[in-house]
Structures are given as C-alpha cells and as structure tokens.
Amino acid sequence: MIEYILCFTLFCIGLYCVIRKRNIIKIIIGLGIIEYAVNLFFVLVGYRTHGRAPILAKDQLITNMVDPIPQALVLTSIVIGLAVTALIVAIAIRIYEKYGTFDITKIRRLRG
Amino acid sequence: MRSKEPGMTLIVKTITRLTVGLILLYGIYIVLHGHISPGGGFAGGVIIALSFIHLMLAFGRDTALKKLSQTAASVLESLGALMFLSIAVLGFFGGYFFFNLFLHKGNPFELFSAGIIPLCNIAISLKVGAGLFAIFAVLVFFKGTGKEE
Numbered sequence: 001m002i003e004y005i006l007c008f009t010l011f012c013i014g015l016y017c018v019i020r021k022r023n024i025i026k027i028i029i030g031l032g033i034i035e036y037a038v039n040l041f042f043v044l045v046g047y048r049t050h051g052r053a054p055i056l057a058k059d060q061l062i063t064n065m066v067d068p069i070p071q072a073l074v075l076t077s078i079v080i081g082l083a084v085t086a087l088i089v090a091i092a093i094r095i096y097e098k099y100g101t102f103d104i105t106k107i108r109r110l111r112g
Numbered sequence: 001m002r003s004k005e006p007g008m009t010l011i012v013k014t015i016t017r018l019t020v021g022l023i024l025l026y027g028i029y030i031v032l033h034g035h036i037s038p039g040g041g042f043a044g045g046v047i048i049a050l051s052f053i054h055l056m057l058a059f060g061r062d063t064a065l066k067k068l069s070q071t072a073a074s075v076l077e078s079l080g081a082l083m084f085l086s087i088a089v090l091g092f093f094g095g096y097f098f099f100n101l102f103l104h105k106g107n108p109f110e111l112f113s114a115g116i117i118p119l120c121n122i123a124i125s126l127k128v129g130a131g132l133f134a135i136f137a138v139l140v141f142f143k144g145t146g147k148e149e
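Residue numbers (this note's numbering), protein chains in the order written: chain H, 1 to 112; chain G, 1 to 149.
Hints listed in this document are in silico derivations from the structure and should not be mistaken for laboratory results.
In this text the structure is predicted, and so the values were computed from the model without any measurement.
Please note that the accuracy of each hint is not assured.
In the SDA-like style, the derived pairs of lysine to any residue whose C-alpha atoms are separated by at most 20 Å in a straight line are [to be verified]:
| hint | chain 1 | residue 1 | chain 2 | residue 2 |
| --- | --- | --- | --- | --- |
| 1 | H | Lys21 | H | Gly32 |
| 2 | H | Lys58 | G | Gly39 |
| 3 | G | Lys105 | H | Leu56 |
| 4 | H | Lys26 | G | Leu139 |
| 5 | H | Lys58 | G | Tyr29 |
| 6 | H | Lys98 | G | Val138 |
| 7 | H | Lys58 | G | Leu32 |
| 8 | G | Lys13 | G | Leu57 |
| 9 | H | Lys58 | G | Gly40 |
| 10 | H | Lys58 | G | Ser37 |
| 11 | H | Lys58 | G | Ile36 |
| 12 | G | Lys105 | H | Ala57 |
| 13 | H | Lys58 | G | Pro108 |
| 14 | H | Lys58 | G | Pro38 |
| 15 | H | Lys58 | G | Asn107 |
| 16 | H | Lys58 | G | Lys105 |
| 17 | H | Lys98 | G | Phe141 |
| 18 | H | Lys26 | H | Ile107 |
| 19 | G | Lys66 | G | Val138 |
| 20 | H | Lys21 | H | Thr9 |
| 21 | H | Lys58 | G | His33 |
With the rest of the complex left out, here is chain H:
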C-alpha cells in the first residue's frame, strides 16, 4: 500500500509544480513528473510479488511473472509523452519569441 501512497505523492508534487509555478519551463517539468507518476502507477498495478519480467529466455522456466500488459501500455505512453513534451517546448519557444518572457503572469495578450 505504501508504494501507491508514494506514487500519489509524486503525482501531487507534479500537480503543485504545474499549478503554483509561474515559469513555463517549470510547468513543463511538472507535467513530466505527473506523466512519470502515472506510468509508475500502471507498472505497480501489474506487479506481482516475486514475479520476474515476462521475457522468454533460453533454458528458463517461468513460473511467476508480472503482468505484461501495463508494461506495453507504459511503453506506448512514454512514446506519446515524448511527442507531447516536444510539442509543449515548441509552443513555449514561440511564446518566448512573441512576448520575450517565460513568466505566465506577464503574458497578458489573451486577457479579458
């Protein structure tokens, strides 16, 4: 149970970083932390005590293995996270080019 609580704590750290920080780069780092917390949660759900990785190897009999489906899902999630992070960084660069700052309180064009 403690590992789920730690996982949720990591998620909350990322959420705090997204909500509270003003620098866009720090917000992007917070989004990365949230993503890793969710990935960690998926892998933990598929874990089984004393299970080994579900990889077929030569001369080995697998009796007790962890669930491979969350791991495949997390692999896909990592790929999508990479693309999303690249997109957000590109948008942040355009914002910096347009406004000359990374501070979200100084970006006032969309206000009102």
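Chain H is fixed; fit chain G onto it per the hints.
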C-alpha cells in the same frame, strides 16, 4: 581563454570523440537484438539519436549537421515510415496484413529468426532516430522568424 571554434571545452570534446561511436554501436545492437532481448526499435532509435545529439552538444551545430544533415534526417525518417508500411502491405501476398513472408521462421533465441520482426524494428529505429534528431536540431537552433514585440 576562449577558443575560436564552436562547442565545449577540450575535455568534453575528447571524451565525446571516444564515446560517441560506442553509443552508436550500442544503439545498433539494441535494434538488431530487439526480437530476442529487451529493447527494440524505439529504444535503439532513441540511443542512436542520442549519439548524434551528443555530437551536436559537444562540437556545435555544424559538425553534427555535417554528419547527418536535416535533409538526410527527413529522408531517413520518411524512409522508415515507408519501409514499415511496405512490410505491412507486402503481407497481402500471403493473405493478410503483416503476414510473415519468410517460410522458414528460424529457431528461437537466434539472431536471424522471427521473420519480419527484425525488419520492422529496423524501420522503427530509422523513423525514431531521425525524427528525434530532427526535433532536437529544430528546437535548439530555432531562429525566430515571427514579429518582434
């Protein structure tokens, strides 16, 4: 004392010259053994792209782009996608999508086995490696063209 040539200091350049080939070889190893050990197309492609990014960080933009220009990266990326698609479509000769055209599948846990899966891994690694390198090159050396404030 700042030297005229771009890039980082001499220490970083020497270490990079020693390690960048090893990183590239390790990425190729991960790709080629993707069907018998952990790893595969995506992980190996990322490692291959990281070797070029390492070169770019240490030596500056021009040296890395001389090894792999942005046009070449774009061509390789498209080639990877087309290769994967053609492997999939060629399966229609056997009856259905992604049909394994190799009649002799090979023995398990050998390097030359598993039919079309190593070819798919190579295609994915081309796509991922060239794409990631292109994304990094574009993001780092972004020259603003829009209106200034």
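Tested hints:
At most 20 Å may separate the alpha-carbon atoms for a hinted pair to count; lysine 21 of chain H and glycine 32 of chain H meet this at roughly 14 Å. The suggested pairing of lysine 58 of chain H with glycine 39 of chain G holds, with an alpha-carbon distance near 17 Å, which does not exceed 20 Å. Taking the CA atoms of lysine 105 of chain G and leucine 56 of chain H, the gap is about 17 Å. The hint holds against a cut of 20 Å. Restraint check for lysine 26 of chain H and leucine 139 of chain G: satisfied, since their Cα atoms lie roughly 17 Å apart, inside the 20 Å limit.
In summary, the hint linking lysine 58 of chain H to tyrosine 29 of chain G is supported, as the alpha carbons are separated by about 19 Å, within the 20 Å threshold. About 18 Å separates the Cα atoms of lysine 98 of chain H and valine 138 of chain G, which keeps this hinted pair within 20 Å; it holds. Straight-line distance between C-alpha atoms of lysine 58 of chain H and leucine 32 of chain G comes to about 18 Å, which keeps the hinted pair within the 20 Å bound. With a C-alpha separation of about 10 Å, the suggested pair lysine 13 of chain G and leucine 57 of chain G falls inside the 20 Å cut-off, and the hint holds.
Under the criterion of a C-alpha separation no larger than 20 Å, the hint pairing lysine 58 of chain H with glycine 40 of chain G is consistent with the structure, at around 18 Å. Distance hint between lysine 58 of chain H and serine 37 of chain G is fulfilled; the C-alpha atoms sit about 11 Å from each other, no more than 20 Å. The suggested pairing of lysine 58 of chain H with isoleucine 36 of chain G holds, with an alpha-carbon distance near 10 Å, which does not exceed 20 Å. Proximity of lysine 105 of chain G to alanine 57 of chain H is assessed by CA-CA distance (about 18 Å); at most 20 Å being required, the pair is judged to hold.
A C-alpha spacing of about 8 Å is found between lysine 58 of chain H and proline 108 of chain G, which places the hinted pair at or below 20 Å, so the restraint holds. In summary, the hint linking lysine 58 of chain H to proline 38 of chain G is supported, as the alpha carbons are separated by about 14 Å, within the 20 Å threshold. Using a Cα cut-off of 20 Å, the hinted pair lysine 58 of chain H and asparagine 107 of chain G holds, with the two alpha carbons roughly 11 Å apart. A threshold of 20 Å between alpha carbons decides the hint, and for lysine 58 of chain H with lysine 105 of chain G the separation of about 17 Å falls inside it, so the pair holds.
For the given pair, lysine 98 of chain H sits about 17 Å from phenylalanine 141 of chain G by alpha-carbon distance, which is consistent with the 20 Å threshold. Of the pairs offered as hints, the one joining lysine 26 of chain H and isoleucine 107 of chain H holds, with about 16 Å between alpha carbons and a cut-off of 20 Å not exceeded. Our distance criterion of 20 Å between C-alpha atoms is met by lysine 66 of chain G and valine 138 of chain G, whose separation comes to about 15 Å. With a C-alpha separation of about 18 Å, the suggested pairing of lysine 21 of chain H with threonine 9 of chain H holds against the 20 Å cut-off.
Annotation: proposed proximity of lysine 58 of chain H to histidine 33 of chain G holds, straight-line Cα distance about 14 Å (limit 20 Å).
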